[in-house]
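Visitor: Protein sequence lines, in the order shown, are assigned to chains U and E. Just so we're aligned: 74 in full-length UniProt numbering is position 74 of the first sequence, and the numbers increase by one with no gaps anywhere. Just so we're aligned: 25 in full-length UniProt numbering is position 25 of the second sequence, and the numbers increase by one with no gaps anywhere.
Don't read these hints as lab results, they were simulated from the structure. Mixed in with the good hints, there may be bad ones.
Because identical chains share one entry, a pair is satisfied inside a single copy or across any pair of copies.
Unchecked claim - No more than 25 Å apart at the CA atoms, straight line, and that leaves these computed lysine to aspartate or glutamate pairs for DMTMM-like:
no.	residue 1	residue 2
1	K252	E153
2	K121	D251
3	K252	E181
4	K252	D118
5	K121	D263
6	K137	E181
7	K252	D174
8	K121	E256
9	K252	D63
10	K252	D19
2 protein chains.
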Amino acid sequence: MTSITVVCHQLAPRIGDLDYNRALSESAIRGASGAQVIVLPELMQSGYAFDNRGEAHAASETDDGPTLSLWRALASELDIIIVAGFCERLSAGRVANSLALIQPAGRLTVYRKAHLWDREKLIFTPGTEPPPVVETKIGRVAAMICYDLELPEWVRLAALAGADLLCAPVNWPDGPRPADERPGEIVRVQANAAVNRMFIAACDRYGEERGITWVGGSTIVDANGYPLAGAVSHQREQRLVAQLPLAEARDKFISEHNHVHQDRRPGLY
Amino acid sequence: MTSITVVCHQLAPRIGDLDYNRALSESAIRGASGAQVIVLPELMQSGYAFDNRGEAHAASETDDGPTLSLWRALASELDIIIVAGFCERLSAGRVANSLALIQPAGRLTVYRKAHLWDREKLIFTPGTEPPPVVETKIGRVAAMICYDLELPEWVRLAALAGADLLCAPVNWPDGPRPADERPGEIVRVQANAAVNRMFIAACDRYGEERGITWVGGSTIVDANGYPLAGAVSHQREQRLVAQLPLAEARDKFISEHNHVHQDRRPGLY
């Protein structure tokens with residue numbers, strides 16, 4: 001494994017405007033040509049602030065819908081791994097807050113957010129499967145969505161399954177914080193990376209929907225938990241690019257006698 | 001529960017100089033008179049950088065030794081909770097990297113570090129008991145030591161047991177980090193606090209022993225994970241004081257529908 005290039009493209013999808021969002025995602029993905037991985041925001045395909053399940057269902061797609069079909073074609077054409085959020089149509093009127101992890105050969109992995117944020121609980125059906133960790137030609141790539149990152153147990157699952165890079169589409173809601181402090185969501189990404197010696201690329205959104213605004217805090221951190229790109233609140237479009245020496249994630253030693261995973265004592269937890 | 005005052009007094013113990021260290025701790029504890037809690041560094045009583053187990057054993061004390069006897073007397077005299085590290089003498093020549101959590105009435109809780117750092121593995125016997133969480137008149141106070149904080153599972157145990165305030169004697173070894181970045185150990189304290197909505201007071205040391213230096217990063221963070229005091233590398237003596245509204249740790253809701261502990265899905269972990 002040599003260094004790979006990862007792009008997080010922070011965009012502002014429009015709620016329910018699937019054509020606009022699809023075109024916006026295509027432009028971003030084409031703009032990342034030459035990179036090995038692009039991460040786009042949570043619910044990129046649909047927008048976020050649905051009033052109810054019916055409205056979300058109307059904006060949802062199955063995995064052979066127009067957006068995922070486009071993303072698969074682009075992954076193949078551009079030889080790039082795409083990780084992006086979409087509103088997934090399930091059976092019986094249900095919907096999930098999902099992501100697609102698409103490899104260049106077109107292989108699709110769908111993950112459904114397991115830890116739902118706020119009113120998402122009124123709209124989406126939570127996932128019941130662990131975060132995926134897929135073998136790719138660049139290394140092992142894992143994925144989860146936004147509030148999932150706030151559960152260190154969930155991040156640990158991906159890391160223990162061997163993830164070198166965790167890609168996280170997010171929509172971090174903005175809120176108060178002390179002046180001059182880095183947003184806490186970013187701090188927690190840093191911690192998750194360091195305690196697992198794993199790279200993390202979190203792609204946030206910006207803009208406003210129905211009174212909700214977001215941190216705009218897209219961040220790419222190294223296996224020590226220090227930022228390589230982003231890690232500030234920029235409430236506008238931004239395209240982060242970082243070179244990641246992914247092999248560093250295979251070395252879990254942080255001192256001569258300490259290995260971040262072997263030091264765990266699961267019998268005591 | 002109204003606000004309480006917590007002091008972290010960052011000092012430089014001298015290896016093996018028990019009289020000096022005892023006097024240094026007494027001065028710091030007396031200086032915190034009026035506070036409800038004082039936290040002192042890991043291995044405050046003994047110093048840190050032992051060459052081998054025999055040397056550590058020579059500097060060790062049992063819980064009725066002169067240092068812990070002094071601390072108990074001071075806790076009672078000053079009506080203060082003391083959390084401080086000591087080199088504990090076990091049976092058969094063994095030693096533990098331990099802490100004393102002493103309540104004003106003199107009640108002593110001893111905890112033995114469960115996750116050992118680097119050459120500590122050659123010297124100390126690791127603990128096998130979870131971090132203590134004790135009911136006190138100011139709220140529920142938990143404690144653990146240094147590298148224990150790097151295991152989110154361990155911090156979670158204390159939080160799930162109801163801790164309002166986690167006190168952590170630490171000796172954070174200094175190392176390279178990007179310019180202008182907050183030391184990662186502090187970042188991880190912030191994350192641990194936020195994902196559990198629990199206050200954390202981590203008391204580091206400074207100085208140099210046998211080629212080892214420390215971050216000098218003592219930190220007190222609130223239940224949102226933002227610093228109230230410290231949170232920078234100051235490699236000299238410092239005395240942090242913060243007022244903690246501990247009742248905030250009893251409210252685990254971070255949105256109308258999200259509770260940091262009830263949102264866990266342990267059946268999936």
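Visitor: Just pull the numbers of the violated hints for me, sorted ascending.
Guide: Hints 6, 9 and 10 are the ones this structure does not satisfy, whereas the remaining hints hold.
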